[in-house]
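Here is what each chain is made of, one letter per residue.
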Amino acid sequence: MSLVSSQTPASSGPWTIVFGLFAAGNLANGLWMLANPGHWYIHLPANVPGSGPLNEHFVRDIGCIFALIGIVLAVGAFKPRFRLTALLFATGFYGAHALVHVYDSLRGLFPPGQWRYDLVPVYGTTLLLVVLSAWLAWSDRAGRSARSE
Amino acid sequence: MKAVLAYTAAAVVGLGLFAMPFLQYGLGGGHAHGAGPHSDHGARHGGHLVMLRDYHLELVEHSDFVELYLSDALRRPLRPMSCSVAFDGGPFTPCDWHSYRSIVPKPIGAQSGLYQLSVDDGPPVILKFP
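Chains as they are written, first to last, in the numbering used here: chain W, 1 to 149; chain D, 150 to 279.
Next up, chain D with everything else stripped away, as it sits in the complex (with noise of 0.2 Å):
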């Protein structure tokens, strides 16, 4: 009896440790800093954030290349459902999405660009720039 108690307990701390890495990170709202949807309006990887319906689109231009980070009202990172870009006006080409974020390259001497991007059932959203 006492050993299955033993071995029980020995069970239940374990189960309890092999969690514990998982949860070094906050639960549910944790380490947002933001309180709800739309508190928080800050470009996080040092470009431009616009808001476009309920999402927002953090646009990073360098010289010879486009980031784009998408994120929902709570600025949690979303992927699109198809994503294309059009620069100076030109035919619109699929992006590159990895996990996280798109990166394109700019075309040399590119002045603007229009990315479209499906996210959910709704319209396509729309962003020009710059």
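In isolation and in its complexed conformation, chain W is listed as follows (with noise of 0.2 Å):
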């Protein structure tokens, strides 16, 4: 992905893919859980079940963040002057997500194997969240620069 331009950034490229795919993923969870939040509890391939019983009304409250981002993500997707700040906004959330699981792991609410389940869906993608923020802001800074001299 080249990244670094002297041009205006594009509204269409190897950005777009990545953001539109990444709001449609939000969107779609969020839409589900806000939709269905009982069917997403069941059916999610997850054991979700496992960490307490049902509360519709904290899932739609979830389902919102989740529906916020993949908005948020899409916009980015065609309007690249938002993308970084898209991209902050759903890294901060994915970040702060993954922290939880930190903490939720180390007071023993999760069976000590949870490191292992949540290693890669968890952390690996939280820290490919910060290295993509890292590099979009690194390239928008190169851009800008390049269109300054």
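Everything labelled a hint here was simulated from the structure, so no lab data went into it.
Be aware that a few hints might be false.
Claimed, not checked - What the simulated footprint calls covered on chain W by chain D, stretch by stretch (three residues with Cβ under 8 Å from a Cβ of chain D suffice, anywhere in the stretch; the number is not a length):
id, region
1, 21-27
2, 121-128
3, 133-139
What the hints assert, rightly or not - Chain D side only, calculated, beta carbon under 7 Å to chain W, not exhaustive:
id, residue
4, ALA155
5, ALA159
6, ALA160
7, VAL162
8, LEU166
9, MET169
10, PRO170
11, PHE171
12, LEU172
13, PRO226
14, ILE252
As the list claims (entries may be wrong) - A few chain W residues that don't get close to chain D, going by computed Cβ distances all over 10 Å:
id, residue
15, VAL48
16, LEU54
17, ASP61
18, LEU68
19, ILE71
20, LYS79
21, PHE89
22, HIS97
23, GLY143
From the three backbone atoms N, C-alpha and C, an ideal C-beta is built for every residue, glycine too.
With the hints as a guide, bring both chains together as one complex.
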């Protein structure tokens, strides 16, 4: 993904694909949680019931943030100047969520083997978001410098 | 060639990120409080948990309605094929089973009840209360 350019960032291209797919995943999950919390609770391919009983209101609350992240990322997909803000917003949420997993694992809410399950889906993907955010920030800055010269 | 690689990498990263929201709640046995079948016999809804055959049933009695939660050996919620309930020896009436629980109104003054659930091809699961 060549992102350093002396031109204005394109509103289509590799970053549009990344943002578009990430937005679609967040929107799909958020809308599922909002539309049918009970169905999401049972049918998500994970052991959600293992972490406690269903609270439909809380599932919908969390669905709001997933849907909101999806909307912001969708805007970022087609409006390059919003991309860094959108990605930092998503990274902030997923980073905070990963810290909650660390905290709950350390205090024993999760069984000892939880690290193994969380390693790639929670911590690995959050690290990927941090790397992508740093990359986007760096390429934005390099692009601005090139345009001002 | 460089553009093809860039778009391929973007698609791979994008697909990984697409799946990310669905993977925040643990895979497989992740988040399970117990290590295996029948290792978790805690009531999760403030009721009384009983084991019948290989199933967990949690009954929550309120003053005017009764909730019933059904789960398998790993405490994964189940929906029975059929469910009926009778109070104080009266006739059985079908339970209203929502996505993860049954809620039935409790007749005023009812002292006892009897659930009958078809969960699998075996005999029905019978739960008496209190």
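Outcome of the hint check:
1. 21-27: Coverage by chain D holds here, the residue count being 5 at a Cβ distance below 8 Å.
2. 121-128: holds (count 4)
3. 133-139: Result for this restraint: violated, n = 0.
4. ALA155: holds, 5 Å
5. ALA159: holds, 3 Å
6. ALA160: holds, 6 Å
7. VAL162: Status holds, d = 5 Å.
8. LEU166: holds, 4 Å
9. MET169: Constraint on D:MET169 satisfied, holds at 5 Å.
10. PRO170: D:PRO170 check passes; min Cβ-Cβ to chain W is 4 Å, inside 7 Å.
11. PHE171: Hint holds; D:PHE171 Cβ to chain W Cβ min 6 Å, cut 7 Å.
12. LEU172: Given a least distance of 3 Å, the restraint on D:LEU172 holds.
13. PRO226: Hint on D:PRO226: holds, closest Cβ of chain W at ~5 Å, below 7 Å.
14. ILE252: violated, 12 Å
15. VAL48: The claim is violated: W:VAL48 sits with its nearest Cβ about 5 Å from chain D, within 10 Å.
16. LEU54: Given a closest Cβ separation of 6 Å, the condition is violated.
17. ASP61: holds, 15 Å
18. LEU68: Given a closest Cβ separation of 12 Å, the condition holds.
19. ILE71: holds, 13 Å
20. LYS79: Given a closest Cβ separation of 17 Å, the condition holds.
21. PHE89: holds, 14 Å
22. HIS97: violated, 6 Å
23. GLY143: holds, 16 Å
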